[in-house]
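Participant: The residues making up each chain are set out below.
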Amino acid sequence: MNALYAVLVDPFMQMAAQPDFLLQVLWEGLVGGILYALIALGFVLIFKASGVFNFAQGIMVVFAALSLVGLYEAGVPAWLALILAIAIMGVLALAVEGLVMRHLVNQPEIILLMSTIGLTYFLIGFGEFIFGGEPKVMITEELGLPTGSTVLEPAGLGRDGGPGLVILQHIDIAAAIIAIVMVTVLGIFFNKTRIGRALRAVADDHQAALSVGISLNQIWAIVWFAAGIVALATGIMWGARSDVSFALEIVALKALPVLILGGFTSIPGAIVGGLIIGIGEKLGEIYWGPLVGGGIESWLAYVIALIFLLFRPQGLFGERIIERI
Amino acid sequence: MMLRKLAFGAACVALSGLAAGAVTQANAQDSIYVQLPTYRTGPYAGSGIPIANGMADYLTMLNERDGGIGGVKITFDECETGYDTQKGVECYEAAKANNTVVFNPWSTGITLQVIPKAAVDKIPILSMAYGLSAAAEGDVFPWVFNPPDTYWDGLSAIIKDIGEREGGLDNLKGKKIGYLFLDAGYGREPIPLLEQLAEKYGFAVTQYPVAGKEMQNQSSQWLNVRRDNPDYMIMWGWGAMNPTAVKEATKIRYPMDKFYGVWWAGGDDDARAGGAQAKGYRTLNFHGTGADYPALQDIKKLVVDAGKSQVEADKFGDNLYNRGVYNSILMAEAIRTAQEMTGKTAITAEDMRVGLENLNIDEARIKEIGLEGFMKPVKVTCENHSGHHQVYVQEWDGEKWVAASDWFAPMTDVVEPLLKQAAEDYVKSNAPWPERQAECATRS
Chain W
1 MNALYAVLVD PFMQMAAQPD FLLQVLWEGL VGGILYALIA LGFVLIFKAS
51 GVFNFAQGIM VVFAALSLVG LYEAGVPAWL ALILAIAIMG VLALAVEGLV
101 MRHLVNQPEI ILLMSTIGLT YFLIGFGEFI FGGEPKVMIT EELGLPTGST
151 VLEPAGLGRD GGPGLVILQH IDIAAAIIAI VMVTVLGIFF NKTRIGRALR
201 AVADDHQAAL SVGISLNQIW AIVWFAAGIV ALATGIMWGA RSDVSFALEI
251 VALKALPVLI LGGFTSIPGA IVGGLIIGIG EKLGEIYWGP LVGGGIESWL
301 AYVIALIFLL FRPQGLFGER IIERI
Chain H
1 MMLRKLAFGA ACVALSGLAA GAVTQANAQD SIYVQLPTYR TGPYAGSGIP
51 IANGMADYLT MLNERDGGIG GVKITFDECE TGYDTQKGVE CYEAAKANNT
101 VVFNPWSTGI TLQVIPKAAV DKIPILSMAY GLSAAAEGDV FPWVFNPPDT
151 YWDGLSAIIK DIGEREGGLD NLKGKKIGYL FLDAGYGREP IPLLEQLAEK
201 YGFAVTQYPV AGKEMQNQSS QWLNVRRDNP DYMIMWGWGA MNPTAVKEAT
251 KIRYPMDKFY GVWWAGGDDD ARAGGAQAKG YRTLNFHGTG ADYPALQDIK
301 KLVVDAGKSQ VEADKFGDNL YNRGVYNSIL MAEAIRTAQE MTGKTAITAE
351 DMRVGLENLN IDEARIKEIG LEGFMKPVKV TCENHSGHHQ VYVQEWDGEK
401 WVAASDWFAP MTDVVEPLLK QAAEDYVKSN APWPERQAEC ATRS
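Sequences listed follow chains W and H, in order.
Numbering-wise (this note's numbering), the first sequence opens with residue 1 and increments by one.
Numbering-wise (this note's numbering), the second sequence opens with residue 1 and increments by one.
No false leads were slipped in.
In silico BS3-like pairs for lysine-lysine, Cα to Cα no more than 30 Å straight-line:
id, chain 1, residue 1, chain 2, residue 2
1, H, K420, H, K379
2, H, K200, H, K258
3, H, K301, H, K315
4, H, K400, W, K136
5, H, K258, W, K136
6, H, K176, H, K400
7, W, K136, H, K87
8, W, K136, H, K301
What the simulated footprint calls covered on chain W by chain H, stretch by stretch (three residues with Cβ under 8 Å from a Cβ of chain H suffice, anywhere in the stretch; the number is not a length):
id, segment
9, 134–143
10, 248–256
11, 281–287
12, 292–305
The set of hints was computed from the structure by calculation and includes no laboratory data.
Ideal placement from N, C-alpha and C gives every residue a C-beta, glycine not left out.
Chain W with its partners taken away, still in its complex shape (with noise of 0.2 Å):
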């Protein structure tokens, strides 16, 4: 009975009791949500367009936010090196078309996923061997990013009726905003260009695209390209949070629970998926975590996703499976 309570009641009471800390944790969550989204969005463009996971995106977050400050230590202008950080990207997304996927054309997907974990160590090692392996800062004010934070102090919502606080880091704030426009540019580059419809012609047959004239080279490029540039946006906010360290190719596994929620083919699934996850995770590990020790966000995200899974196999957002026999 008392473990019933201590599952089914007790986290609600908590909830009840500090309204304040539960709008903090819901706040957590989403940012934490919108963080994992737009890591899953690098995965789904890639995704979308050939059909290959790429487990290299987490490394291409890491090297593009290196690439941003290792040009501003070098003494590049902070806009500058922005700018060069997303040449450099486009310079990688050549080259991974022109030398890795455009051999693998018809090749089974495992093949396909097999180069991406190549690409993965490769790009570990030329990063360490050009970067180093010293985590950096991020130049976020150097950027124009906002710092500091907002502190609301809602009356009545603090522990016993008393005042409330929530605390809004700007730079969340900014992830935020960052998160909603690259979605809205992405939506509109996907269907209202003449690339974009491309691109989904691609994605929805190979050979029936390359029948009607579209180039599966340029497509892959420019594909890749667009996930680097989400790569560096997904890098600097990342390393606001903490550093710009090899350790943040580990975070970008969080994406899978959100792939798997938000289907692999979907933009709005990955911004969903990846809200679902931030917040159930956080509410998980702070009201419930503590029966059985914490630490329970690392697997609750998989079990939420799982749970999806039993009654929506393609996500919320993929596309249904249906096939003649």
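Knowing the structure of chain W, use the given hints to seat chain H on it.
Facilitator: The following block gives chain H in isolation, referenced to the frame of chain W:
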């Protein structure tokens, strides 16, 4: 064609084997070889790089300034572990093959793996202020050394400092202490002592584990800290975990002067990450910071300025760089002791064990090697392989570490009996654990 290729390959293997043998033989005759396991890559590189630089630079300086130790050059190379236990064990095997005189695991996980091997291979393990705390019991672990302090010493020192701030350890009753730790062998090591001290002094402990892959994603842990509102926080962090934790603590406006880190959570970059708000963050230390010591200046002149170091100019003298230097000081002084005791110049690993067991760096010797004020005397005995030496609390002033306390001893009277018990428990759970065979050779 195939046969020719095979013959060529076999010849290459044979030649490389001969070359390796020649190197090993040269090592045995003309120099003393020490392998330096390091991690310049991976998620823990932020902590590993300055330590690797400090270790290498002190040995290089000795070679350049004094021609080595006792007239014998120190040869060393690095073995990259990436803080990965499996790779660390591979480094140990490589070190053994190359006749290293000592093995520095630089990871509690690796230390735990190589402890049973050390007695068999007769290679001393120097786990300087990390590893298995119970290894301080020399009678049980004759091949393992953890001076100047064990993790249990460190934890007891933090509790002692907190107690003093509260007007006495008895005043800890009813207080809440949060323990944020890397959820690995390293972070879990002090928990048994923390639980015993909590029971003894009546304070409550809440644990906040941080998984290795979540080091840069700690917002949940710090939300819990905000809700639980502990009176003090203690951190056992490493690598990218430290700067993230400092940042998160400032984010929730945790009072930084009540946030303590063990000596491994006290890198300059760890605190710097929190910006001006990190001011007041406290960690333990057992050596000086900065470069205002004659030996450090020799390193600068003979190694850094001569382009023989990998350290960046502005990182020279940083806390973790000096930690690497400190580790090499212990090795160098143990080598010197072994040379004096055995009369050999090119000592073996077994000689090194004797040197470590008779390590006695007193004030006079500290002054002689140009490190006055950098460290306190270190003494190791056959029975006590740690020494439980004095430490001090340092505080981040927004730009650098400054001493925030005098040197003080950990709670040795509390820790020693617990260590003995822990050593006995280790023996029981690892039966049959070999009895100490090595004689206790002492200086005449």
